[in-house]
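Enquirer: Those protein sequences? They're chains V and R, same order as listed.
If you use the numbering used here, the first sequence closes out at 157, no skipped numbers anywhere.
If you use the numbering used here, the second sequence closes out at 355, no skipped numbers anywhere.
By construction, these hints were calculated from the structure, which means they are not laboratory data.
One or more hints might be untrue.
[To be verified] Here are the simulated DSBU-like pairs of lysine-lysine, each with C-alpha atoms no more than 35 angstroms apart in a straight line:
| no. | chain 1 | residue 1 | chain 2 | residue 2 |
| --- | --- | --- | --- | --- |
| 1 | V | K4 | R | K338 |
| 2 | V | K73 | R | K334 |
| 3 | R | K245 | R | K219 |
[As the list claims (entries may be wrong)] In silico negatives: residues of chain V with every beta carbon more than 12 angstroms from chain R:
| no. | residue |
| --- | --- |
| 4 | Q21 |
| 5 | C33 |
| 6 | L66 |
[Said to hold, decoys possible] Here are some chain R residues the structure puts well away from chain V; computed CB gaps all over 10 angstroms:
| no. | residue |
| --- | --- |
| 7 | A199 |
| 8 | M224 |
| 9 | F226 |
| 10 | S227 |
| 11 | S228 |
| 12 | K245 |
| 13 | E280 |
| 14 | S292 |
| 15 | S327 |
| 16 | K342 |
| 17 | N343 |
| 18 | P345 |
Glycine included, each C-beta is placed from N, C-alpha and C at the ideal position.
Residues per chain, in single letters:
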Amino acid sequence: MNCKSVQTYLSAYLDGELCGQESLQVRDHLMRCGECQSEEHQLRTLKQMLRGLPTYSPNAEFENRLVASVMGKATGRPALRLHLNFRWQVATGMVAAGILIALAVTKLTERSVPGANALPVATRDSTFEFSRDQLFMAGNDPLSGNRFVVPTSYGKD
Amino acid sequence: MLFAISKDNTGPRVDQSALFEGLMRKSHRQAYSLAYRLTGNAVEAEDLVQESFVRAFRFFAKYDPSMPFSSWLYRIMTNAHIDSVRRKGKLRTMSLEQGGTDGNTTWEVPDLESSPDRQMLHESLDEPVQKALSSMTPEFRMAVLLADVEGMAYEEIAEVMRTSVGTVRSRIHRGRKQIRKHLMKNAPQTYRSYTDEL
Ligand SMILES: [Zn+2]
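Turn these sequences into a full structure, and let the hints guide you.
Expert: As structure tokens, then:
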């Protein structure tokens, strides 16, 4: 191993994340190379420093506030579903009503109805919900806020 | 009638809610500490913790208990944090006023055996380190924090971040070097007094 490859391995070496063979090679090199030794020492110090950083604790009342807020949103969730279902129902109802009215009006006047525009809007809304659920079922990172985009940032660097 | 419709689609059931609440009460402090390191201030840390638990609860039915709950939560937190950074459009450098102690948060020095001097050094390094962390990309920041603050193994981190062990290794190594560079440039004296002590 040359200095460059040893140095890229140093963090993993310090973390005990190299396999036996690699670890021995690095150690072997460190015994012979002052420059890499000093780099190893610096990274070791830095690691210790990060490990020793104080932990932050939330306010005493945060726990209950958090629970109330998360569970509150959660119990609000069926309501959201309800709302969506209700909207879906309304949309379906509106479509049905629209068709009926359209039919009736066309029969009566033989002219088109402006209210018929409601159809594509309502349908698009539910399609969104469906495609999101499908992304979720397919395991396409449902936890990301980018609901319609499969993240490509991972594993690229 | 509307209730009947919603019944098919309800989220976690009542026992699941109780289970989740228990997990949340147990893990929220640790989650907060990580969130604080990720965001650099108490307000955003609280928001991030809350957003993560809201998402976690929403997908709790998908949680596979063979993975530690904290790992699963951190995976969600990683995404929520990256989302939030991206949403802001740029990497915000934390303002001086917001870094470090801000009255909203209490200190807890984990290593009780460390000397008072060492403790002081840690505290004086806290702000520069936090700034260094804030200057990194969220992926590097998360990898370093999971390794060095949470003490996780690379394989666990890879699972949390849904990437390869090789990527984790590279993020941690480069991340640490970025922190060192930042400290040498912005807090050279404090940094040196720390390294000389060892
Ligand atoms: Zn060398």
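Enquirer: Run every hint past the structure and note whether it holds.
Expert: Hint-by-hint comparison with the structure:
For the suggested pair V:K4 and R:K338, the alpha carbons sit about 18 angstroms apart, so the restraint of at most 35 angstroms is met. Simply put, V:K73 and R:K334 have alpha-carbon atoms about 41 angstroms apart, too far for the 35 angstroms limit, and the pair is violated. About 29 angstroms separates the Cα atoms of R:K245 and R:K219, which keeps this hinted pair within 35 angstroms; it holds. For V:Q21, the non-interface assignment is confirmed: its Cβ lies about 16 angstroms from the closest Cβ of chain R, beyond the 12 angstroms cut-off.
Residue placement check: V:C33 keeps its beta carbon more than 12 angstroms from all beta carbons of chain R (closest about 18 angstroms). In this structure V:L66 is not separated from chain R by more than 12 angstroms, as the shortest Cβ-Cβ distance comes to only about 6 angstroms. Chain V draws R:A199 into its interface by the beta-carbon criterion, the shortest separation being 8 angstroms against a cut-off of 10 angstroms. With 10 angstroms as the threshold on Cβ separation, the claim that R:M224 sits away from chain V holds: the shortest Cβ distance comes to roughly 13 angstroms.
Every CB of chain V lies more than 10 angstroms from the CB of R:F226, the least distance being 14 angstroms, so the non-interface label holds. Non-interface call for R:S227 relative to chain V: holds, since the shortest CB-CB distance, roughly 14 angstroms, exceeds 10 angstroms. No Cβ of chain V approaches the Cβ of R:S228 within 10 angstroms, the least distance being about 13 angstroms, so the stated non-interface status holds. A cut-off of 10 angstroms between C-beta atoms confirms that R:K245 is not in contact with chain V; the least separation is 12 angstroms.
Taking the minimum C-beta to C-beta distance to chain V, about 7 angstroms, the non-interface status of R:E280 is violated against the 10 angstroms cut. With a cut of 10 angstroms on Cβ distances, R:S292 stays outside the contact zone with chain V, its closest approach being about 15 angstroms. Separation of R:S327 from chain V is inadequate, the least Cβ-Cβ distance of about 7 angstroms not exceeding the 10 angstroms criterion. Look at R:K342: its CB is around 14 angstroms from the nearest CB on chain V, clear of 10 angstroms, so calling it non-interface holds up.
Residue-level check passed: R:N343 sits 15 angstroms from the nearest beta carbon of chain V, beyond 10 angstroms. For R:P345, the requirement that its beta carbon stay farther than 10 angstroms from each beta carbon of chain V is met, with the minimum near 13 angstroms.
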